[in-house]
Amino acid sequence: MAESLENRERACYDALGKEKGNPRMMSQGFLTSKLEKAIGWARKYSLFQYPFVTACCGMEYMATAASHYDIDRFGAGFPRFSPRQADVLFVVGTISHKMAPVLKMVYEQMCDPKWVVAFGVCTCTGGFYDNYATVQGIDTIIPVDIYIPGCPPRPETVLDGLMKLQDKIQHSRQEF
Amino acid sequence: MPEPSVTLRKIREQFGESIIETHSRLGEDTVIIQPQVLVPVSTFLKGDPDLDYNFLMDLTAVDYLDLKKKPRFEVVYHFFSLAKKHRVRIKVPAEAKNPEVDSIVSLWAGADWYEREVWDMFGIKFRGHPNLKRILMYEEFQGHPLRKDYPIQKRQPLIGPGAGS
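One line per chain: the protein sequences are A and B, in this order. Residue 1 is where the first sequence starts when you use this note's numbering, and the numbers rise one by one after that. Residue 177 is where the second sequence starts when you use this note's numbering, and the numbers rise one by one after that.
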């Protein structure tokens with residue numbers, strides 16, 4: 001039972017019209033927008049992530065990604081294990097000084113536009129690992145867009161962080 | 177006084193004059209020995225059919241700097257016999273200046289990474305180790321972080337703020 005192309009197009013316009021708060025746009029078969037906004041809308045709903053998972057936060061990351069919380073509902077369900085194919089770097093877990101150059105290299109290998117999420121308190125500030133081994137916040141090494149606190153953060157917090165990142169992507173200047 | 181375990185009895189018989197101290201509490205036997213008999217004692221523990229300590233469970237060290245104990249370091253070995261189901265803890269003192277004890281990698285291959293960890297964290301050398309280099313910290317790291325005189329706030333990042341200083 002293949003959906004007709006027309007129906008699919010209509011569903012797409014409906015979704016965009018609803019989001020722009022303009023019901024008249026819905027089901028009309030056309031819409032007006034700025035190219036920059038349309039690109040932002042496309043980018044925020046097709047995030048390919050690179051999960052840089054080093055510690056226990058990875059469990060919450062997996063819980064968020066799996067079917068119960070289902071990160072794919074937000075268009076970010078596709079992990080890529082090559083930084084060259086990823087849009088957003090999820091740094092999930094404690095980063096040691098020994099690991100820091102590796103993280104920086106992974107970040108540098110990503111293509112623009114790219115974003116970084118600091119997942120969990122260790123990546124935000126070092127957390128309670130205030131010691132000789134641990135980087136005191138990954139923002140001392142690479143730029144961070146969204147900080148998700150928690151030790152570890154619950155999936156709801158992760159999804160909240162993701163939605164804030166999407167908001168940021170939508171409202172930033174689009175390079176293309 | 178309960179009967180001493182077979183391990184304590186046999187070690188005392190074999191190495192009586194090289195034993196600094198033994199104690200036994202809640203079924204746990206501890207033997208503190210002179211550093212020079214570490215390899216013979218280990219060989220005996222592993223080879224004697226009544227003891228049969230075929231498993232090195234743990235190898236670590238203690239820095240007694242703040243407790244003013246002499247000598248400053250102790251290397252601690254935990255052995256277990258899978259067949260006899262008994263355990264023993266062996267302690268070997270090491271001097272503050274250039275601490276060094278014999279390696280037991282030739283007896284238990286599993287001692288390899290343990291000894292590297294103790295070298296990395298405490299700076300205790302293992303004579304005869306095949307590849308004694310840092311295992312957890314990076315090669316550029318200065319000092320040994322689990323020593324009690326390592327400054328608690330000292331940071332040695334490879335990149336980022338404070339790197340290379």
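Be a bit skeptical, because a hint or two may be false.
With a straight-line cut-off of 30 Å between C-alpha atoms, the simulated DSSO-like cross-links for lysine-lysine are [unchecked claim]: (1) Lys104(A) <-> Lys309(B); (2) Lys330(B) <-> Lys98(A); (3) Lys98(A) <-> Lys301(B); (4) Lys330(B) <-> Lys301(B).
Taking CB as the label site, the calculated pair distances span [what the hints assert, rightly or not]: (5) Lys246(B) <-> Asp160(A): 55 to 61 Å; (6) Asp325(B) <-> Pro101(A): 26 to 32 Å; (7) Arg80(A) <-> Pro306(B): 54 to 60 Å; (8) Arg185(B) <-> Ala66(A): 28 to 34 Å.
Just so you know, the hints here were simulated from the structure itself, not pulled from any lab data. All C-beta atoms in this analysis are idealised placements derived from N, C-alpha and C, irrespective of residue type, glycine included.
How the hints compare with the structure:
{"no.": "1", "hint": "Lys104(A) <-> Lys309(B)", "in the structure": "25 Å, holds"}
{"no.": "2", "hint": "Lys330(B) <-> Lys98(A)", "in the structure": "15 Å, holds"}
{"no.": "3", "hint": "Lys98(A) <-> Lys301(B)", "in the structure": "23 Å, holds"}
{"no.": "4", "hint": "Lys330(B) <-> Lys301(B)", "in the structure": "23 Å, holds"}
{"no.": "5", "hint": "Lys246(B) <-> Asp160(A): 55 to 61 Å", "in the structure": "57 Å, holds"}
{"no.": "6", "hint": "Asp325(B) <-> Pro101(A): 26 to 32 Å", "in the structure": "28 Å, holds"}
{"no.": "7", "hint": "Arg80(A) <-> Pro306(B): 54 to 60 Å", "in the structure": "40 Å, violated"}
{"no.": "8", "hint": "Arg185(B) <-> Ala66(A): 28 to 34 Å", "in the structure": "57 Å, violated"}
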